[in-house]
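Novice: Spelled out from the first residue to the last, the chains are:
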Amino acid sequence: MNPDKIESLRQAYLNKKKREKRIVCVIQVLILIGFLGLWELASGLLWIDPLLFSSPSAIGQLFITKVMDFSIFPHIAITVIETFASFILGTLLGLAVAIILWWSPMFAKICDPYLVSLNAMPKIALGPIMIVIFGTGMASAIAMGIIICIVVTIIVIYNAFEEVDENYLKVLHTFHATKTQIFKEAIFPASLPTIISTLKVNVGLAWVGVIVGEFFVSKSGLGFLIVYSFQVFNFTLVLLSVLIILVIAALMYALVDCLEKYLLKKLQRN
Amino acid sequence: MSYLVAENISHYFFQEQETAQIIDNISFSIHKGEFVSLLGPSGCGKTTLLSIIAGLISPTEGTIYKDNSIGYMLQQDYLFPWKSIAENCALGLHLMKTYTPESQAEIKRLLTEVGLENTENMYPKQLSGGMRQRVALVRTLVTDPSLLLLDEPFSALDYQNKLKLEDIIFQLLNHSNKTSVLVTHDIEEAIAMSDRIFLLCKQPSTIKYIIEIPQEIRELPPLEARKHPKFSVLLEAIWKELNTDEPRQN
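Chains A and B, in that order, give the protein sequences.
Mapped onto the numbering used here, the consecutive letters of the first sequence carry residue numbers 15 to 284.
Mapped onto the numbering used here, the consecutive letters of the second sequence carry residue numbers 771 to 1020.
Next comes chain B alone, as it looks inside the complex:
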């Protein structure tokens, strides 16, 4: 069953001097509960594609079919410094007017689950970068989105915090039947987290390859997946693919 469908998406940026085509006729469909990564070099229009999926930008051409309940995570936490951790987490609920008396308990439960118990009354600057990004995850998940859009949420973190957050997201999503799209330029991360990888090439962006991750790696948590023998084979294959980006002329 397809859950998220993109049909012939093209996007242009118009400027006074020039018109730049960012995305060239991308179509795909993602199943319910699937985890898909959009993998490509920096500046290939991945984030633009994700913003289009989220409905933040309307594409110049094409249509997205999806459920309206999305959760979006940015590269950095962007927690509001003047709000407490609990208030930051409740932001989405308040904006969408779905805050109920039970929400507070749910926020507490999610914070505990990401390893941040008893931080509700603290303020963002009292937490480290890794902790803040986990709060941002709670802020996203507490609205119970059916589609989770992750815009390089690990890229600003150090390696240790990155693995930790990957693991938390993996565990939280594992039994939730949520559909996720991750934008990344990190090949390892894409293999370790995803069911499928859409390999994007440079601007204008198109899907060059779709890579199915073998079942054995999918089932493993991100850290374990990295140790699997098939992991390095996949890594090398994708790395080569990304490096032969320009089509050969002869």
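Bound-form chain A, shown alone:
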């Protein structure tokens, strides 16, 4: 086939891709506008009770007020700090426990039924216990987030450790490698992609833990704001808090997603 024809076919293919992408994007925006418009309309025409379901314009106005008097920022900051803390601590502690389990197969066998039960259990049920142990401040919310992340992290990373091809270990054994060397040379680098992918799962789980933790007792944070405004019957504030959580959680997820892609790309280049 002559090169010009190939080039024009290629252009056609690229154009088709581009058009498809544009259509998807336009429909996505239309859905958002349609949803907000319908909501506003339904609220204005009293199809739904504006006291309970508020309206986008009321939420927007409240948002501007809260931004102008800076009263929303401490809540956002506290929740974000709590989420980051429980996400990072949950992942690191989970990794540490997974290393201990790998180190001692006997210990891993002993822990197995406990891990399985803890994994099956809805961790949120431990909320009151967390308050008793960690008090009513940030510590409780962080602990809640950690508990939700850590069990899955332990199980996923430990399984990755166990699945490393035995022949790599055999190579190391023929060079009289110590257990530390085996971990450093084979187990850890081979499991790194799995460890990185747990980050993404843990971001979502940490949010669940932190918001629930704040529901229980906190005096600040977005979770607290939801419960508080519910109690004073300010549903506009409830919905505003929910929307803020939605946006920040999505941003955080996108951030970790970028981090994961970057790290995996760096690994694969090798």
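None of these hints come from the bench; they were simulated from the model.
A couple of the hints might just be wrong.
[Unchecked claim] Below, in silico cross-link-like pairs of lysine-lysine (PhoX-like), each with a Cα-Cα straight-line distance of 25 Å or less:
| hint | chain 1 | residue 1 | chain 2 | residue 2 |
| --- | --- | --- | --- | --- |
| 1 | A | Lys80 | A | Lys30 |
| 2 | A | Lys193 | B | Lys867 |
| 3 | A | Lys279 | B | Lys867 |
[As the list claims (entries may be wrong)] The calculated label-pair distances, taken between Cβ atoms and stated as ranges, are:
| hint | chain 1 | residue 1 | chain 2 | residue 2 | range |
| --- | --- | --- | --- | --- | --- |
| 4 | B | Thr868 | A | Gly218 | 34 to 40 Å |
| 5 | A | Phe84 | B | His864 | 44 to 50 Å |
| 6 | B | Lys972 | A | Asn173 | 54 to 60 Å |
[As the list claims (entries may be wrong)] Heads up, incomplete: computed chain B residues facing chain A, CB under 8 Å, no partners named:
| hint | residue |
| --- | --- |
| 7 | Leu820 |
| 8 | Ala824 |
| 9 | Leu826 |
| 10 | Tyr842 |
| 11 | Tyr848 |
| 12 | Phe850 |
| 13 | Trp852 |
| 14 | Ala856 |
| 15 | Leu861 |
| 16 | Leu865 |
| 17 | Met866 |
Every residue gets a Cβ at the ideal spot worked out from N, C-alpha and C, and that includes glycine.
Chain B: place on chain A using the hints.
Specialist: The following block gives chain B in isolation, referenced to the frame of chain A:
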């Protein structure tokens, strides 16, 4: 002078349902500089025997007398994909803490010798299977083992790459005075590479015959050896031997 001695080696695998005897009372001695093949059908316990020789498994019964400096090559390269070729080659040296400033030059020299110059900074997935297995050979040889244990290192390669690697190993070992034990189920390969062949029978494994390879074939490189008139005679004899594995009952 015996260099590697096995005395009454027996090995069992214990499972909940049954106990399997893998190796039954094997004794042998191998001289310094000798190349010996353990030839037998698949699943006859050859690899287990090699792991016992390497000290990776302790036998249920019996003793191995050997020098501690071993090099072990597996069926596949098992290069670490996240390490460069040079880093893979230096793995053993780093683990045994014998890496010196000269090691880098030695790795470069060995890589050139196996036909892989200028690959130090590449990564395993950039090389073909045959090339990777040659890197694995360098990784094994750079620690300068006095005993080389080869666990079917040619079996995963295509015929051409197999002959090439056989030739490289033959040339590298030729003047080195290293002792080698090769595990294989390939009769041709065993004849072409070895000084002696230990013919193993099915489980539980024992040494059925010891075959001395004639001097004329030993001296030839593997590809040339295959063309020698005595080669096919030996091949046929061993083939028959392997096929009459079960002792006749009458």
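Novice: Each of the hints needs a verdict: does it hold here or not?
Specialist: Each hint, compared with the structure:
| no. | hint | verdict |
| --- | --- | --- |
| 1 | Lys80/A x Lys30/A | violated, 45 Å |
| 2 | Lys193/A x Lys867/B | holds, 15 Å |
| 3 | Lys279/A x Lys867/B | violated, 31 Å |
| 4 | Thr868/B x Gly218/A: 34 to 40 Å | violated, 48 Å |
| 5 | Phe84/A x His864/B: 44 to 50 Å | violated, 56 Å |
| 6 | Lys972/B x Asn173/A: 54 to 60 Å | violated, 37 Å |
| 7 | Leu820 | violated, 11 Å |
| 8 | Ala824 | holds, 6 Å |
| 9 | Leu826 | holds, 6 Å |
| 10 | Tyr842 | holds, 4 Å |
| 11 | Tyr848 | holds, 5 Å |
| 12 | Phe850 | holds, 7 Å |
| 13 | Trp852 | holds, 5 Å |
| 14 | Ala856 | violated, 13 Å |
| 15 | Leu861 | holds, 7 Å |
| 16 | Leu865 | holds, 4 Å |
| 17 | Met866 | holds, 6 Å |
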